[in-house]
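*Asks:* Can you make the complete structure from the sequences, with help from the hints?
There are 2 protein chains.
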Amino acid sequence: MREFKRLTPYREALELLLNDLSEIPDVEEVPLDEALGRVLAEDVVSPIDSPPFGRSAVDGYALRAEDTFPAREYSPVELRVIDEITAGDVSDATVEPGTAVKLMTGAKLPEGANAVLMQEMAEREGDLIRVLRPVAPGQNVAFAGEDVKKGEVILKKGQVLRPQDLALLKSVGFKTVRVKRKPRVGIIITGDELIEEFDEEALKAGKILESNSVMLKGLVERYFGEPIFYGVLPDDEDVIKEVVDRAKTESDLVLVTGGSAFGDRDFAHRFVSLLFHGTTIKPGRPIGYGEGVFVMSGYPAAVFAQFHLYVKHALAKLVGARNYEVRVRATLTDRVSSQLGRYEFVKVWYENGRAKPIKKRGSGLISSLVQSNGYVAIPENSEGYLEGEEVEVILY
Amino acid sequence: MREFKRLTPYREALELLLNDLSEIPDVEEVPLDEALGRVLAEDVVSPIDSPPFGRSAVDGYALRAEDTFPAREYSPVELRVIDEITAGDVSDATVEPGTAVKLMTGAKLPEGANAVLMQEMAEREGDLIRVLRPVAPGQNVAFAGEDVKKGEVILKKGQVLRPQDLALLKSVGFKTVRVKRKPRVGIIITGDELIEEFDEEALKAGKILESNSVMLKGLVERYFGEPIFYGVLPDDEDVIKEVVDRAKTESDLVLVTGGSAFGDRDFAHRFVSLLFHGTTIKPGRPIGYGEGVFVMSGYPAAVFAQFHLYVKHALAKLVGARNYEVRVRATLTDRVSSQLGRYEFVKVWYENGRAKPIKKRGSGLISSLVQSNGYVAIPENSEGYLEGEEVEVILY
Numbered sequence: 001m002r003e004f005k006r007l008t009p010y011r012e013a014l015e016l017l018l019n020d021l022s023e024i025p026d027v028e029e030v031p032l033d034e035a036l037g038r039v040l041a042e043d044v045v046s047p048i049d050s051p052p053f054g055r056s057a058v059d060g061y062a063l064r065a066e067d068t069f070p071a072r073e074y075s076p077v078e079l080r081v082i083d084e085i086t087a088g089d090v091s092d093a094t095v096e097p098g099t100a101v102k103l104m105t106g107a108k109l110p111e112g113a114n115a116v117l118m119q120e121m122a123e124r125e126g127d128l129i130r131v132l133r134p135v136a137p138g139q140n141v142a143f144a145g146e147d148v149k150k151g152e153v154i155l156k157k158g159q160v161l162r163p164q165d166l167a168l169l170k171s172v173g174f175k176t177v178r179v180k181r182k183p184r185v186g187i188i189i190t191g192d193e194l195i196e197e198f199d200e201e202a203l204k205a206g207k208i209l210e211s212n213s214v215m216l217k218g219l220v221e222r223y224f225g226e227p228i229f230y231g232v233l234p235d236d237e238d239v240i241k242e243v244v245d246r247a248k249t250e251s252d253l254v255l256v257t258g259g260s261a262f263g264d265r266d267f268a269h270r271f272v273s274l275l276f277h278g279t280t281i282k283p284g285r286p287i288g289y290g291e292g293v294f295v296m297s298g299y300p301a302a303v304f305a306q307f308h309l310y311v312k313h314a315l316a317k318l319v320g321a322r323n324y325e326v327r328v329r330a331t332l333t334d335r336v337s338s339q340l341g342r343y344e345f346v347k348v349w350y351e352n353g354r355a356k357p358i359k360k361r362g363s364g365l366i367s368s369l370v371q372s373n374g375y376v377a378i379p380e381n382s383e384g385y386l387e388g389e390e391v392e393v394i395l396y
Numbered sequence: 001m002r003e004f005k006r007l008t009p010y011r012e013a014l015e016l017l018l019n020d021l022s023e024i025p026d027v028e029e030v031p032l033d034e035a036l037g038r039v040l041a042e043d044v045v046s047p048i049d050s051p052p053f054g055r056s057a058v059d060g061y062a063l064r065a066e067d068t069f070p071a072r073e074y075s076p077v078e079l080r081v082i083d084e085i086t087a088g089d090v091s092d093a094t095v096e097p098g099t100a101v102k103l104m105t106g107a108k109l110p111e112g113a114n115a116v117l118m119q120e121m122a123e124r125e126g127d128l129i130r131v132l133r134p135v136a137p138g139q140n141v142a143f144a145g146e147d148v149k150k151g152e153v154i155l156k157k158g159q160v161l162r163p164q165d166l167a168l169l170k171s172v173g174f175k176t177v178r179v180k181r182k183p184r185v186g187i188i189i190t191g192d193e194l195i196e197e198f199d200e201e202a203l204k205a206g207k208i209l210e211s212n213s214v215m216l217k218g219l220v221e222r223y224f225g226e227p228i229f230y231g232v233l234p235d236d237e238d239v240i241k242e243v244v245d246r247a248k249t250e251s252d253l254v255l256v257t258g259g260s261a262f263g264d265r266d267f268a269h270r271f272v273s274l275l276f277h278g279t280t281i282k283p284g285r286p287i288g289y290g291e292g293v294f295v296m297s298g299y300p301a302a303v304f305a306q307f308h309l310y311v312k313h314a315l316a317k318l319v320g321a322r323n324y325e326v327r328v329r330a331t332l333t334d335r336v337s338s339q340l341g342r343y344e345f346v347k348v349w350y351e352n353g354r355a356k357p358i359k360k361r362g363s364g365l366i367s368s369l370v371q372s373n374g375y376v377a378i379p380e381n382s383e384g385y386l387e388g389e390e391v392e393v394i395l396y
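Order-wise, the sequence lines are chains A and B. Quick note on the UniProt record's numbering: the first sequence kicks off at 1 and runs consecutively. Quick note on the UniProt record's numbering: the second sequence kicks off at 1 and runs consecutively.
Take the hints with a grain of salt, since some may be wrong.
One copy or two, it doesn't matter: identical chains are merged, so the pair holds either way.
What the hints assert, rightly or not - When the alpha-carbon atoms are kept at most 25 Å apart in a straight line, the in silico BS3-like pairs for lysine-lysine are as follows:
no., residue 1, residue 2
1, K356, K175
2, K360, K149
3, K317, K157
4, K157, K175
5, K157, K360
The hints are simulated quantities; they were obtained by calculation from the structure and are not laboratory data.
*Replies:* Here's what the structure looks like:
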């Protein structure tokens, strides 16, 4: 059995990977309702000022602030109400000295006015109001362009669209948004020992329930992609080659699990020209990548680490996504150790500033993934961190 | 204009809300592929040990560790290879003293063996291997039940299902999972001033582009719900009453935006019996709730705060979701201040342990939502936090 002659350092392999991939040029124009979680294909510039006009932030009286400066409780200022409008209406009146216009929250500020007095602060009598205290210029007014200015970049290319982003787009008049096409990601599972359905006899006879497919589908969906499942293949070099070749033509990326090492039934590296094969990550060392194809482990926990350390970043590169990771600072509740020369993916449970390492570390143990919600990386030149040390956790 | 006689403290209102709601009993059985993000309806118990048998974690030779204890490089131990199997196969052989079975990663450990020697550590010659160093019992073996034991609770009710959770379910034989039905959430937007499509003339005439609908749809989807949009209604009490009544019968929750204060066109509180109306939150003070109906503001930033402070928790209660918020510790880059008596929702940009307050605070400013990715709450009894102070940020 061959072993890896040299393990490529984690970051060196990541750089090879990202340099090999280009952003997908394809753009889709989708309705705002369907754009949640999609990645913005280009900067968005506002076509209008928002609000498009100065408007009242309260129900009250639009007036000239200067008129109210002398107002005192013992000596109120009286203004004449010359018009009354509701929110969607506009007053044609001009607020001249000594006058006011009654309006509702959101209504356009009439000509001449520069402030709004809250309704409950005014004493009304007939068409007069009494103002008891001075009103500052600009008070209770949202001026034109205060939220967004015409021509301003309001969202940047690469933004993963959230509910509030869609609201901003709609508020300046967009009905659709241009997002990146979802990368198609072929998923190929290999291994004679795998079964897809529960079968007690088969399990007794040494078979294993396959679980990487559903995990990878979910991860691909979560990170901007569209999974295409090519099934569970036997350890047959010809079959695997044929399906990998087909997947390469149909997908932007291909993930092949099982057979990434150099065992007798590890085939994938034989017919893909790999840029790297074997990196310092643990678990997941035997990962390989070339020609858009990831050759991955068979063990779920190793596959999971390989996905987060490499595949996730590849997908983000394909769509140009920004801010797709949540990185938090945390205090370790226990020490974690690592072998020098390994880039260790330590699963932790993060909660309110504290990270508790999950001790089960076998690469086959899915329960350790379920008990964790993030990871701490221990780089190659470190033997680990002490209890109480502050570390960075990447949440998943 | 009436004002709120008393603002209910944030947490008191939240308690009234959550006590008024019950978990939805309805359960759906969905295929694992379609369960991402859904909420587990009940504890899940593993029907099997996983792995179901002791298996090899490497390609190598299954043997009795005791046989190798005397092994030294200058005095190797020789064992006879009595069988060779691949991962999905099982050896019927029993490993007797002085013998070994060649196997692949994942293969079932044969009878008699209690450890595996890595292939590259053995010198093979014909049907003999030479062992140069002692092998410890259990080495390179994953024992039965090491990941999950039969009868063990592997996932708890209320878990929001992640890719790794689905993998664990599949690995112990499940093809489907029982999740809570998605709560149906009616969304009703009110306001004469609102338009749904860009129209320059209408904007000049004082109309406003409506944006709460797309934001609320996105938020509802993100927090376990199924949005049902009832459209944008004019400020007509009869129309609003009719649609709210219909939505109440068709939905688990109803969100009505606009008209939550006591202005001349604020209707919703007149025909819903509210448990509270007006709370200490800022922005978003005029929120009301009763009979499954939220009466909300018209301003997007106020609606957004109301959603995160109240509606999100209501949805989580309906489905019994756990761990649906990401709370992180952060150092404030600037001071933030608040009025005593207000529960202030301060938008921040969180990045790697630091929280930068977004200074635009107007309740109508959607750009402030877009520039933020979380909030810091300043409770009623606090006037704020200092620059450099450590605070809790809830990410969104």
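*Asks:* Are the hints correct? Go through all of them and say.
*Replies:* Each hint, compared with the structure:
1. In the homo-oligomer, the alpha carbons of K356 and K175 never lie at most 25 Å apart, since the shortest distance is 45 Å inside one protomer and 31 Å across protomers.
2. In this assembly of identical chains, K360 and K149 lie within 25 Å of each other by CA distance solely across copies; the values are 14 Å between and 54 Å within a copy.
3. Taking CA atoms no more than 25 Å apart as the test, K317 paired with K157 passes inside one copy only; the shortest distance there is 12 Å, against 36 Å between copies.
4. For the homomeric pair K157 and K175, the shortest alpha-carbon distance inside one copy (18 Å) is at most 25 Å, but the shortest distance between copies (39 Å) is not.
5. When the C-alpha separation of K157 and K360 is checked against a cutoff of 25 Å, the pair qualifies only between copies, where the shortest distance is 23 Å, while the shortest distance within a copy is 40 Å.
Hint compliance for this structure: hint 1 is the single one not met.
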